[in-house]
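Q: Letter by letter, the chains look like this.
2 protein chains.
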Amino acid sequence: MEFIDVILKRRSIRAYKRKNIPEEILMRIIESARLAPSASNLQPWKFIIIRDNKAKQEIARLAKERMWIADASVIIAGVATNPDYRMGSGQSSSAIDIATAFAHMSLAATDEGLGTCWIGSFDSDGSKRFLGIPEKFLLVGLLTIGYPDEKPGEKDRKRIQEIICYEKWSD
Amino acid sequence: MEFIDVILKRRSIRAYKRKNIPEEILMRIIESARLAPSASNLQPWKFIIIRDNKAKQEIARLAKERMWIADASVIIAGVATNPDYRMGSGQSSSAIDIATAFAHMSLAATDEGLGTCWIGSFDSDGSKRFLGIPEKFLLVGLLTIGYPDEKPGEKDRKRIQEIICYEKWSD
Chain V
1 MEFIDVILKR RSIRAYKRKN IPEEILMRII ESARLAPSAS NLQPWKFIII
51 RDNKAKQEIA RLAKERMWIA DASVIIAGVA TNPDYRMGSG QSSSAIDIAT
101 AFAHMSLAAT DEGLGTCWIG SFDSDGSKRF LGIPEKFLLV GLLTIGYPDE
151 KPGEKDRKRI QEIICYEKWS D
Chain R
1 MEFIDVILKR RSIRAYKRKN IPEEILMRII ESARLAPSAS NLQPWKFIII
51 RDNKAKQEIA RLAKERMWIA DASVIIAGVA TNPDYRMGSG QSSSAIDIAT
101 AFAHMSLAAT DEGLGTCWIG SFDSDGSKRF LGIPEKFLLV GLLTIGYPDE
151 KPGEKDRKRI QEIICYEKWS D
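Sequence order for the protein chains is V and R.
The letter at position 35 of the first sequence is residue 35 when you use my numbering, and the numbering goes up by one with no holes.
The letter at position 152 of the second sequence is residue 152 when you use my numbering, and the numbering goes up by one with no holes.
It is worth saying that the hints were derived from the structure and are not from the lab.
Small disclaimer: the values here were computed from a predicted structure and weren't measured.
Warning: the hint list may mix true and false statements.
As the list claims (entries may be wrong) - With a cut-off of at most 27 Å between alpha-carbon atoms, the simulated DSSO-like pairs for lysine-lysine come out as follows: (1) 19/V / 54/R; (2) 168/V / 54/V; (3) 64/R / 168/V; (4) 9/V / 56/V; (5) 151/R / 56/R; (6) 158/V / 128/R; (7) 136/R / 158/V; (8) 158/R / 136/V; (9) 19/R / 168/V; (10) 128/V / 158/R; (11) 19/R / 54/R.
Required output: the full structure, derived from the provided sequences and hints.
A: Here it is in structure tokens:
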């Protein structure tokens, strides 16, 4: 698909057909994340690929009981393996690195005719325990991937002039 | 460009030709960020477009004196306007939202034949002061955009098997 069409077509999808994603498609999606940039190119990420039905249901329960999450073909858990690393600005790069990788995956999934949704609301300790993630690492987010079973309407977005300014801050 | 080619071609570029980016191209890049997802679709972002030469030099100085930054046609400052907002996981969504928007911009710039680089090392207080960003907001990162004046070699990345695991955590 042309890049611009991928950007236009990407939507957060919260209803999925129960259908498996072929392994080669899933690997192309992961590959797009593998090629994403990260702070100092440390690639401090591990992606847990969750496909087992019972495991997806447990994750859905841990994510505020939004059971549609379990209908996704795959849930990817994005784990930052260097949560203490700080960039020169003083900020942690963990969320930035995982978010960049997830953005690549979301767009790559769209390119394959799939839908995705970022899940940022979940019981962090419970999910880490369930997935066996070492305490020292950070579970930044979850990404559902699957065949869309809904067609969301127009994107609801601010106008471009509301989100930019030139040279200096202005409201 | 086909989506997969954009993913393959995107590189972090640290040498730029001194050349202006036409306004319509810049707006297409911003548009790709405007359409990006954000936590609860709050779109808590403002992008300061910096093109003035003296301003770019000051930003470069504030970013560890990496003066190549000033050669970029444009520097985008990504400001999170709800730094106190927490997702259900307890984490802030600021870095995730700006990183997702910057990932869209980087790929959109690649699609236009441009190069970008995430700048995460900068004097945060000094940069906010210089750009007039209110204290309560967070300057998450800077993104340089311009015409590449270098051709980086192969991407240095971990193998796919190092970054994934199935169902549960494993090293």
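Q: Now tell me, hint by hint, if it's right for this structure.
A: Verification of the hints:
no. : hint          : verdict
1   : 19/V / 54/R   : violated, 55 Å
2   : 168/V / 54/V  : violated, 51 Å
3   : 64/R / 168/V  : holds, 20 Å
4   : 9/V / 56/V    : holds, 26 Å
5   : 151/R / 56/R  : holds, 23 Å
6   : 158/V / 128/R : holds, 24 Å
7   : 136/R / 158/V : holds, 21 Å
8   : 158/R / 136/V : holds, 21 Å
9   : 19/R / 168/V  : holds, 22 Å
10  : 128/V / 158/R : holds, 24 Å
11  : 19/R / 54/R   : holds, 16 Å
Hint compliance for this structure: hints 1, 2 are not met, and every other hint is.
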